[in-house]
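Following the hints, put chains V and L in place on chain B, whose structure we already have.
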Amino acid sequence: MSNPFYKNYSPFKISEIFKSLNLKFSEDNFDNDVLDIKDLVNANDTEITFFHSKKYSEVAKNTKASFCITTNSLKHILPKSCVPIIVENVLVATSKVTSKFYPDAVNDDFDDTAINIDETNFKNKVRCGKNVLIGSNVSIGLNCSIGHNSIIEKNVLIGNNCSVGSNTIIRNTVVNNNVKILDNCVIGKHGFGFFPNNSKNIRYPHIGIVLIEDNCEIGCGSTIDRGSMSNTVIGKNTYLDNQIHIAHNVKIGENSIIAGQVGIAGSSVIGKNVKIGGQAGVSGHLKIGNNVEIGGGSGVIRDIPDNTKVMGYPAKNIREFLKEKK
Amino acid sequence: MSNPFYKNYSPFKISEIFKSLNLKFSEDNFDNDVLDIKDLVNANDTEITFFHSKKYSEVAKNTKASFCITTNSLKHILPKSCVPIIVENVLVATSKVTSKFYPDAVNDDFDDTAINIDETNFKNKVRCGKNVLIGSNVSIGLNCSIGHNSIIEKNVLIGNNCSVGSNTIIRNTVVNNNVKILDNCVIGKHGFGFFPNNSKNIRYPHIGIVLIEDNCEIGCGSTIDRGSMSNTVIGKNTYLDNQIHIAHNVKIGENSIIAGQVGIAGSSVIGKNVKIGGQAGVSGHLKIGNNVEIGGGSGVIRDIPDNTKVMGYPAKNIREFLKEKK
Amino acid sequence: MSNPFYKNYSPFKISEIFKSLNLKFSEDNFDNDVLDIKDLVNANDTEITFFHSKKYSEVAKNTKASFCITTNSLKHILPKSCVPIIVENVLVATSKVTSKFYPDAVNDDFDDTAINIDETNFKNKVRCGKNVLIGSNVSIGLNCSIGHNSIIEKNVLIGNNCSVGSNTIIRNTVVNNNVKILDNCVIGKHGFGFFPNNSKNIRYPHIGIVLIEDNCEIGCGSTIDRGSMSNTVIGKNTYLDNQIHIAHNVKIGENSIIAGQVGIAGSSVIGKNVKIGGQAGVSGHLKIGNNVEIGGGSGVIRDIPDNTKVMGYPAKNIREFLKEKK
Numbered sequence: 201m202s203n204p205f206y207k208n209y210s211p212f213k214i215s216e217i218f219k220s221l222n223l224k225f226s227e228d229n230f231d232n233d234v235l236d237i238k239d240l241v242n243a244n245d246t247e248i249t250f251f252h253s254k255k256y257s258e259v260a261k262n263t264k265a266s267f268c269i270t271t272n273s274l275k276h277i278l279p280k281s282c283v284p285i286i287v288e289n290v291l292v293a294t295s296k297v298t299s300k301f302y303p304d305a306v307n308d309d310f311d312d313t314a315i316n317i318d319e320t321n322f323k324n325k326v327r328c329g330k331n332v333l334i335g336s337n338v339s340i341g342l343n344c345s346i347g348h349n350s351i352i353e354k355n356v357l358i359g360n361n362c363s364v365g366s367n368t369i370i371r372n373t374v375v376n377n378n379v380k381i382l383d384n385c386v387i388g389k390h391g392f393g394f395f396p397n398n399s400k401n402i403r404y405p406h407i408g409i410v411l412i413e414d415n416c417e418i419g420c421g422s423t424i425d426r427g428s429m430s431n432t433v434i435g436k437n438t439y440l441d442n443q444i445h446i447a448h449n450v451k452i453g454e455n456s457i458i459a460g461q462v463g464i465a466g467s468s469v470i471g472k473n474v475k476i477g478g479q480a481g482v483s484g485h486l487k488i489g490n491n492v493e494i495g496g497g498s499g500v501i502r503d504i505p506d507n508t509k510v511m512g513y514p515a516k517n518i519r520e521f522l523k524e525k526k
Numbered sequence: 201m202s203n204p205f206y207k208n209y210s211p212f213k214i215s216e217i218f219k220s221l222n223l224k225f226s227e228d229n230f231d232n233d234v235l236d237i238k239d240l241v242n243a244n245d246t247e248i249t250f251f252h253s254k255k256y257s258e259v260a261k262n263t264k265a266s267f268c269i270t271t272n273s274l275k276h277i278l279p280k281s282c283v284p285i286i287v288e289n290v291l292v293a294t295s296k297v298t299s300k301f302y303p304d305a306v307n308d309d310f311d312d313t314a315i316n317i318d319e320t321n322f323k324n325k326v327r328c329g330k331n332v333l334i335g336s337n338v339s340i341g342l343n344c345s346i347g348h349n350s351i352i353e354k355n356v357l358i359g360n361n362c363s364v365g366s367n368t369i370i371r372n373t374v375v376n377n378n379v380k381i382l383d384n385c386v387i388g389k390h391g392f393g394f395f396p397n398n399s400k401n402i403r404y405p406h407i408g409i410v411l412i413e414d415n416c417e418i419g420c421g422s423t424i425d426r427g428s429m430s431n432t433v434i435g436k437n438t439y440l441d442n443q444i445h446i447a448h449n450v451k452i453g454e455n456s457i458i459a460g461q462v463g464i465a466g467s468s469v470i471g472k473n474v475k476i477g478g479q480a481g482v483s484g485h486l487k488i489g490n491n492v493e494i495g496g497g498s499g500v501i502r503d504i505p506d507n508t509k510v511m512g513y514p515a516k517n518i519r520e521f522l523k524e525k526k
Numbered sequence: 201m202s203n204p205f206y207k208n209y210s211p212f213k214i215s216e217i218f219k220s221l222n223l224k225f226s227e228d229n230f231d232n233d234v235l236d237i238k239d240l241v242n243a244n245d246t247e248i249t250f251f252h253s254k255k256y257s258e259v260a261k262n263t264k265a266s267f268c269i270t271t272n273s274l275k276h277i278l279p280k281s282c283v284p285i286i287v288e289n290v291l292v293a294t295s296k297v298t299s300k301f302y303p304d305a306v307n308d309d310f311d312d313t314a315i316n317i318d319e320t321n322f323k324n325k326v327r328c329g330k331n332v333l334i335g336s337n338v339s340i341g342l343n344c345s346i347g348h349n350s351i352i353e354k355n356v357l358i359g360n361n362c363s364v365g366s367n368t369i370i371r372n373t374v375v376n377n378n379v380k381i382l383d384n385c386v387i388g389k390h391g392f393g394f395f396p397n398n399s400k401n402i403r404y405p406h407i408g409i410v411l412i413e414d415n416c417e418i419g420c421g422s423t424i425d426r427g428s429m430s431n432t433v434i435g436k437n438t439y440l441d442n443q444i445h446i447a448h449n450v451k452i453g454e455n456s457i458i459a460g461q462v463g464i465a466g467s468s469v470i471g472k473n474v475k476i477g478g479q480a481g482v483s484g485h486l487k488i489g490n491n492v493e494i495g496g497g498s499g500v501i502r503d504i505p506d507n508t509k510v511m512g513y514p515a516k517n518i519r520e521f522l523k524e525k526k
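Residue numbers (our numbering), protein chains in the order written: chain B, 201 to 526; chain V, 201 to 526; chain L, 201 to 526.
Isolated chain B, as found in the complex (with noise of 0.2 Å):
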């Protein structure tokens, strides 16, 4: 995934960041530039990229990369036109490297290129409340409102017709037509990722977005972490109710209804026409159909195909639950 949003501050030398991990760089070796990180497919021969599971093996077999962050017991299935930097945890080693092409996507402390609306060309085509205030990167469609002491931190596109309530922070996000915010949401922010590493944890970065899609509704209170290698998407017309929680690179398809408290762990698809009851959650990485029903209060720890209506914890085919609850 690109993301335009994030300033990449290549070229570096791969001198420079063998350092970064604590890695001896040979004087035997070219000194290349290295302008940017990529996955194994996408990366080309200026590039980067990581190796760190076998089921990658026949897209490491052909990598376009120069350089591979990788182990030693993965090393020899790479091409010789890769040099393998060898390494004990690869996604910790790849999560420096990444933070080294795009610090801001780690560090999330506030907007300080934010100012007052007044003071921006905004002021007379946005209906605005008081003390609203904006970032760098920020474009805002035809006909949108924005509620008082809310911030449009840097890099977000708003689309026509939108509003914005009061009390909203928003970063790093694409909004399209149509789409209401309500108060006292944080959309945007970096997820809940890092290595837990004793006495100090190592945040990985962010460098995806949030999108939402037209004529969707976020509920008050509600926050939306922006993805780490992908992006977080709420679909078209699909309706979050207040205090929600979407964790990173979870996608939700159109038309879907999600009512109060829920929560979506990082990774989550979840299909078209999806009904959600409150306070359920969804677990990270599951898959979840079209025209799925989950009732409110399940807990769902396992995929669930299309067409289903489940509810418990763990959530099961409504039926069953309810016989065996009677």
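Honestly, the hints are just simulated from the structure, not real lab data.
Some hints could be false.
Given that identical chains are not distinguished, each listed pair holds provided it fits within a single copy or across any two copies.
In silico DSS-like links for lysine-lysine, alpha-carbon gap of 27 Å or less [what the hints assert, rightly or not]: (1) Lys280 - Lys254; (2) Lys323 - Lys354; (3) Lys325 - Lys354; (4) Lys516 - Lys472; (5) Lys451 - Lys400; (6) Lys400 - Lys475; (7) Lys280 - Lys255; (8) Lys254 - Lys264; (9) Lys207 - Lys330; (10) Lys213 - Lys280; (11) Lys275 - Lys238; (12) Lys475 - Lys487; (13) Lys509 - Lys487; (14) Lys400 - Lys325; (15) Lys525 - Lys475; (16) Lys475 - Lys516; (17) Lys472 - Lys400; (18) Lys523 - Lys487; (19) Lys475 - Lys354; (20) Lys509 - Lys400; (21) Lys238 - Lys323; (22) Lys525 - Lys509; (23) Lys207 - Lys300; (24) Lys254 - Lys275; (25) Lys487 - Lys400; (26) Lys238 - Lys300; (27) Lys238 - Lys264.
Note that the structure is a prediction, hence the values are computed from the model and not measured.
Same frame as chain B, now just chains V and L:
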């Protein structure tokens, strides 16, 4: 329910109402003025009503309304004095017509009447923080305080000895005396109410309010939605902990105690002296009796009689629950 | 626990204390000055204590306090040097007397000492957003940032290299070094503590603080209440995801990971290296051991020993849970 907060934009010619429903208005009819929309019982001969289910046949027979939104199969039940307006979906059409009379009850964009309290007469009366905003039609009693960045949007009546925290937003709400509303709350926004419609849902108006009776406390980060056709009510001396969600039309009795992260879905009625443990959920349209105790984390999906302790999901008698789970 | 944050309004004449409890003070007694209220062990002869349960009989026998709030049935256990003050409900009376000494620990109205950071000495020291407010008795270390509209209310000590997001409110809190507190949090407000009382509950004072140790992260929209008689503690390098609620007196060990929407009820103690999945809940007054893993959505209602994985509601050993649920 009659609500003084929303402006009624009547009169409308009945031909305009036909037009808003995409129906053809026959020139043979008189083009009467219509002054309001009410239910079958309360509408008079200057008003329009709606009739969507056989179970209301008895009151439909006697309605005094001059017009009634209904279906082909129900129209014969109406008296001759009432002209049926035939639609496919009565509730959707009713929602559209209600929106015509009360457009301010559909649109919950930020309140652009709100100005800094320092520019109002409340300046000397209310102990207030920095950057407090006050909308139109607001009344605040004696000995009240309002925290920093809070927004008392339009249509709010606050009694005596009340305290509102910081970063809190209130609209369309009546707060009685000695009430504390803590930080980061959103009180009185429209509920999660709409008719699902492929590619573009249809929101329905919320012409109810939130009523918070004497001596209540509302914890940080809570959301209380206003009613759609009735009010949302928090009874006297009831305490809500942090991060609670109360949906539209919910009524909670007095002296109840509701712990953190509880959610109560739309239109449920909770009795007096009820205790609800943390993270419990109550489904919509239920009746929970007086002196009920609901264990933390429970999911209530059926009515609960008075004086009962329940737990589990679905919540059942607590002894039964604990025996089974041993 | 001694807390430097709350002003002690002593001395009080013992006759005043009797009066505040609606008790008759016999003119035969000396009308001593009382300087503080402490527990049975720590009180000295200028102080008042309280004794409400037989299980404290051993320490009661040896208390050095000159006065003790207690019941008729317990008073004979006290030493002769200690004058019993007989009440019906010891905890309610203790709460009233504590409130007399520490009235600022009961009332959590907005902090009216807070002023814009631009008017303080922090202006040049702290990287800060727009409209940041700072209360009295605040200290902020080197290399810190505070986001837009955030309010550092009175009694907050922040170490070095800390980042506070936007729209966040902190009071009565010690934050060590390298801590990130994200947007829309409320940290350090009084807990959900009161004595239920028909028609008007009685709040008790919270004289504890929140302590957030080095390297922690607190996610968006989280609430952490300060302690009532002890502190609420988030251990070193512990990460909290979004929308988490931590109640008063909770202690969480170091290197723990707590996913979104988790709630931990009052006075529970969580060990080190604990992982808690999204939406799980922990009841009050429990002890969760070290290296425990609690599955997402679980409801923990009993103590959990070290090195255990649990899941379900009530949470049980995870293998057992999954076998049963197959």
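Check: Does the structure break any of the earlier hints, and which numbers would those be?
Finding: Hints 19 and 21 contradicted; others consistent.
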